[in-house]
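Top to bottom, those sequences are chains E and F.
If you number the first sequence the way our numbering does, the last residue is 584 and the count never jumps.
If you number the second sequence the way our numbering does, the last residue is 584 and the count never jumps.
It is worth saying that the hints were derived from the structure and are not from the lab.
All values reported here derive from a predicted model rather than from experimental measurement.
A couple of the hints might just be wrong.
Heads up, simulated DSSO-like pairs for lysine-lysine below, C-alpha to C-alpha not over 27 Å straight-line [unchecked claim]:
no. : chain 1 : residue 1 : chain 2 : residue 2
1   : F       : Lys-367   : E       : Lys-520
2   : F       : Lys-367   : E       : Lys-73
3   : E       : Lys-105   : F       : Lys-139
4   : F       : Lys-62    : E       : Lys-492
5   : F       : Lys-580   : E       : Lys-454
6   : F       : Lys-73    : E       : Lys-62
7   : E       : Lys-153   : F       : Lys-260
8   : F       : Lys-62    : E       : Lys-520
9   : F       : Lys-304   : F       : Lys-367
10  : F       : Lys-304   : F       : Lys-348
11  : E       : Lys-27    : F       : Lys-580
12  : F       : Lys-492   : E       : Lys-153
13  : E       : Lys-146   : F       : Lys-62
14  : E       : Lys-62    : F       : Lys-520
15  : F       : Lys-146   : E       : Lys-153
16  : E       : Lys-153   : E       : Lys-263
17  : F       : Lys-153   : E       : Lys-138
18  : F       : Lys-492   : E       : Lys-105
19  : F       : Lys-580   : E       : Lys-575
Here are some, though not all, of the chain F residues that point toward chain E, as calculated from beta-carbon distances under 8 Å [stated by the list, open to error]:
no. : residue
20  : Lys-217
21  : Ile-457
22  : Asp-490
23  : Thr-504
24  : Ala-508
25  : Ile-569
26  : Ile-579
Heads up, the beta-carbon is just placed ideally off N, CA and C, and yes, glycines get one too.
There are 2 protein chains.
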Amino acid sequence: MYRTNNCGELRIEHVGREIVLSGWVQKIRDKGFMMWIDLRDRYGITQLIFDETYTPKELMEKARGCGREFVIKATGTVVERSSKNPNIPTGDIEIKVTELEILNKSEVPPFTIEDETDGGDELRMKYRYLDLRRNPVKKGILLRHKMAQEVRKYLDGQGFVEVETPVLIKSTPEGARDFVVPSRVHPGEFYALPQSPQTFKQLLMVAGYDRYFQIVKCFRDEDLRADRQPEFTQIDCEMAFVEREDILNTFEGLAKHMFKTIKNVEFQGDFPRMSYQKAMELYGSDKPDIRFDMHFNDLTETVKGKNFPVFDSAEFIAGICAKGCGEYTRKQLDELVLFVQKPQIGSKGLVYVKCNEDGTFKSTVDKFYNNDDLKIWAQKMNAAPGDLLLVLAGTKKQTTSALCELRLEMGERLGLRDKNKFCPLWVVDFPLLEWDEESKRFFAMHHPFTSPVKEDIGLFETNPGDIRANAYDFVVNGVEVGGGSIRIHDEKLQSTMFKTLGFTPEEAQAQFGFLLNAFKYGAPPHGGIAFGFDRWTAMFAGNDTIRDVIAFPKNNAAKDVMIDSPATISNEQLKELSIKIDQK
Amino acid sequence: MYRTNNCGELRIEHVGREIVLSGWVQKIRDKGFMMWIDLRDRYGITQLIFDETYTPKELMEKARGCGREFVIKATGTVVERSSKNPNIPTGDIEIKVTELEILNKSEVPPFTIEDETDGGDELRMKYRYLDLRRNPVKKGILLRHKMAQEVRKYLDGQGFVEVETPVLIKSTPEGARDFVVPSRVHPGEFYALPQSPQTFKQLLMVAGYDRYFQIVKCFRDEDLRADRQPEFTQIDCEMAFVEREDILNTFEGLAKHMFKTIKNVEFQGDFPRMSYQKAMELYGSDKPDIRFDMHFNDLTETVKGKNFPVFDSAEFIAGICAKGCGEYTRKQLDELVLFVQKPQIGSKGLVYVKCNEDGTFKSTVDKFYNNDDLKIWAQKMNAAPGDLLLVLAGTKKQTTSALCELRLEMGERLGLRDKNKFCPLWVVDFPLLEWDEESKRFFAMHHPFTSPVKEDIGLFETNPGDIRANAYDFVVNGVEVGGGSIRIHDEKLQSTMFKTLGFTPEEAQAQFGFLLNAFKYGAPPHGGIAFGFDRWTAMFAGNDTIRDVIAFPKNNAAKDVMIDSPATISNEQLKELSIKIDQK
């Protein structure tokens, strides 16, 4: 028997009990005549004590022979500590050890197994099994477990059926790049790994399953950005015989359940909703962080015609009002200018206006705008004395995105983006289609199965770019946690959609024939949503990246540096699969 | 709003209520002046009634326009039926329809959506979304959902942490064939899909997670047999600081929980255990069906030396006693002879002995064995008058396997294999290694990480073939539902194991370096088990194959005939992935 208890559960009421613990040596303190070992397992840390006044010499030496991360088994008695440690739950007691067994030795780990470690990113990735021992990582993994259980508990309770959809499916040209799997049995043919179970969950609706969910791995062969992984996990859901309202209500229920059970946060009333158009107008983002307002003010019409060439030549001029920042120093203001000029933001410059306490204004464009002009700006932006106006100009697209970043930066600086405050939001009525200048065709903004808003269906003939999708995103604190739509369930409408996306009927049939075919046999109205499970977990964990809520993540080059994958395979394997490496 | 209720829940107490139902048209009966539509959804069937005495003509015509599998929405009033149907839960009521909306039409389905359908296997696979509407398939899918929830509920309650292990891993030469995934970012390199998360769950133990589980997709590129799928699902579990006893107890707990919650079957006391050796001796199988005994009797020494060349030249002679089959007709006996002569059984012939009620015997070998001889056989086999002895001879291997099949066949014929009776069994102490004559090397019977039984470790030097593994299988009714082992956690022992399997240290390092490395940093003693989730579900569903408890299975050629996968991919894709098709 390796243990009677774990290292996190012994308390003062257990004093006198004979116990056995197993775990890892976290720390050894050796005073010569006395020694302490902090023994760690998943559940906590318990202190072992050795004292030459009663510990046999042999046992004392054995304890001394232990090193960090050794796996040991200790038998002994729970005793009260003379100097208690109020920082850990087991801090009132320690174990007077009578027997010690070294279950396994450890080399000195390549980085310290502490909350703050000395190991760099790549080193910790290589020894991920050691990094997983650290509290901050462990917390994320345990949180993820708890969240998965709560998601399923809630959805099961709501009559959702968990169905596993296949992983070996078929490559489709639409969307991101697929990972493919050569078939040995069918030379020259390939499976593809799913980017999402989209078509399968729709088939389940056709099959009558009515409420489906799955926590499921999805795959995208993209060039990785900071917060992307080639394999990621979705909470994938679909419902039949529903309208948008039913779906939003159902999954608002799920979100509230998660906030309550995981974060102990309760929401009164419904989550706010905002149209895509409004979100872009007010915050320059389809996933606005509404923990704070500081919304955009369109100044294009207001500021032109004063001979300031930058404004006069700009397509779009807009600003935000940073409350109480009128006293910003030159250094702080210079930082903001540098911020908007960063290549990834890409603005040429920043116009700012300080609203002085005496009602006057001080701006970087005093040469072109007098006090009365600036007063109009201030009025338009609802500014009060002591506020700071930040104005950007340029093309609509670039200015919008830059001002969005600047707003978030100001929110950060003003402490308005508290990780423990949660502001959920439904963003609705996305555009159905996006025009791509390069390929001169429309792409589906969500995916080709998204239903247009009913009133807009006529626009397919006249102005497809204006069609609103019956789609919605679930946004929390500026993070897109989930998204979905009502789907097309009508074969004809689906064909129109494919046509609008530039598919010939033959191409549509070749790629999605099974779905179009299924729609011929009684497809019910349906819709659904998918949540980014990694991202949701990371947000609840308070992490900025998803990496630490994934047990074995890949690095930015899509490599698992621990197992050294991807790797070459044998010539026999290649031959069996009827493929050759293209040396180029 | 599409519905106020589902099609399975209305009862006599709802009479008078105004309701809305949506679903599929299961059946239409048209008497001219009256019409009934059976409306079906996931939850059941409700009868709609139309009667020209009160139904407007227009509505009557609309109802008449519906066909099988149309999706309709019906508004109306719950009324009591005049002639009730006791066979369905909603049989006391019907819906007097006031409004009808056809939500979607349906072409005539290619096979009937009935419990017994007229569709063949391939047709039903091609239209899987229609087959999934049929009750027998739906039951399996819903059962699978329920089992998944119960598995997680139990394991979560026992402190197990669900951790997702990666799907894009690395190919290893040991075991079955891997599916591989070419890397675009790293030309010439490949990921592999996991045959099981074995090494990752062991790394989680090294990482201190102590109790892990996951319901997880696994992949094997094998030539498919009847009950295999290229992707299948495992309940994968691992524990640290445990001995075999801890694992068997924990998962016996899980199994009992599943039997109780899913099948309402309760077991008193512990599940029986049997050594591999005993199982082979008594039943010729490492997964014996112990719903009935009919064990093997070794007659090799008993029957030789009577000038019967078949026996005298045989390596192994053994028989079973079929209770009460002494009256089998010539036709029945001929069937048994033909059975053992089938190519997949492969016996040359079958010797049988009828134990007559008068104490005499009648056999196919009366020429060589007199009544006294046969009496000795009967005594050895514990036969009583009225029994039938069935004896096979040949090589040990072939005879054992043929007699095992014959035993199961007799069990079937005697009705001893009741699907509603469950006889679980732990088979323990498997051999660690299997000798392969062709490649002249040992293979791991379980996998290379399985720990030998402690007492047998010395045999690595002298007789590796005799080493017993600390491994166990969970067998129910002759089906291997799960299997696992205590793992090696010592780097040196793991190296010895690799060496015995013919790996050079360099090969071992190249393939499993990350695991050997991990073992250097404090690996705890650990072990685990994995259950075949598809198979377990199929057994609880009473299905013979796993196919119908998988929503979208592949056929025996590893093809998804519904989506037509695998399929060719574009030349651009191949080029991006730096691979070419090897035309041969």
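Now the hints, each set against the structure:
{"no.": "1", "hint": "Lys-367/F with Lys-520/E", "verdict": "violated, 70 Å"}
{"no.": "2", "hint": "Lys-367/F with Lys-73/E", "verdict": "violated, 69 Å"}
{"no.": "3", "hint": "Lys-105/E with Lys-139/F", "verdict": "violated, 52 Å"}
{"no.": "4", "hint": "Lys-62/F with Lys-492/E", "verdict": "holds, 22 Å"}
{"no.": "5", "hint": "Lys-580/F with Lys-454/E", "verdict": "violated, 46 Å"}
{"no.": "6", "hint": "Lys-73/F with Lys-62/E", "verdict": "violated, 77 Å"}
{"no.": "7", "hint": "Lys-153/E with Lys-260/F", "verdict": "holds, 20 Å"}
{"no.": "8", "hint": "Lys-62/F with Lys-520/E", "verdict": "holds, 19 Å"}
{"no.": "9", "hint": "Lys-304/F with Lys-367/F", "verdict": "holds, 14 Å"}
{"no.": "10", "hint": "Lys-304/F with Lys-348/F", "verdict": "holds, 18 Å"}
{"no.": "11", "hint": "Lys-27/E with Lys-580/F", "verdict": "violated, 55 Å"}
{"no.": "12", "hint": "Lys-492/F with Lys-153/E", "verdict": "violated, 44 Å"}
{"no.": "13", "hint": "Lys-146/E with Lys-62/F", "verdict": "violated, 51 Å"}
{"no.": "14", "hint": "Lys-62/E with Lys-520/F", "verdict": "holds, 19 Å"}
{"no.": "15", "hint": "Lys-146/F with Lys-153/E", "verdict": "holds, 11 Å"}
{"no.": "16", "hint": "Lys-153/E with Lys-263/E", "verdict": "holds, 16 Å"}
{"no.": "17", "hint": "Lys-153/F with Lys-138/E", "verdict": "holds, 21 Å"}
{"no.": "18", "hint": "Lys-492/F with Lys-105/E", "verdict": "holds, 12 Å"}
{"no.": "19", "hint": "Lys-580/F with Lys-575/E", "verdict": "holds, 11 Å"}
{"no.": "20", "hint": "Lys-217", "verdict": "holds, 5 Å"}
{"no.": "21", "hint": "Ile-457", "verdict": "violated, 16 Å"}
{"no.": "22", "hint": "Asp-490", "verdict": "holds, 7 Å"}
{"no.": "23", "hint": "Thr-504", "verdict": "violated, 15 Å"}
{"no.": "24", "hint": "Ala-508", "verdict": "violated, 14 Å"}
{"no.": "25", "hint": "Ile-569", "verdict": "holds, 5 Å"}
{"no.": "26", "hint": "Ile-579", "verdict": "holds, 5 Å"}
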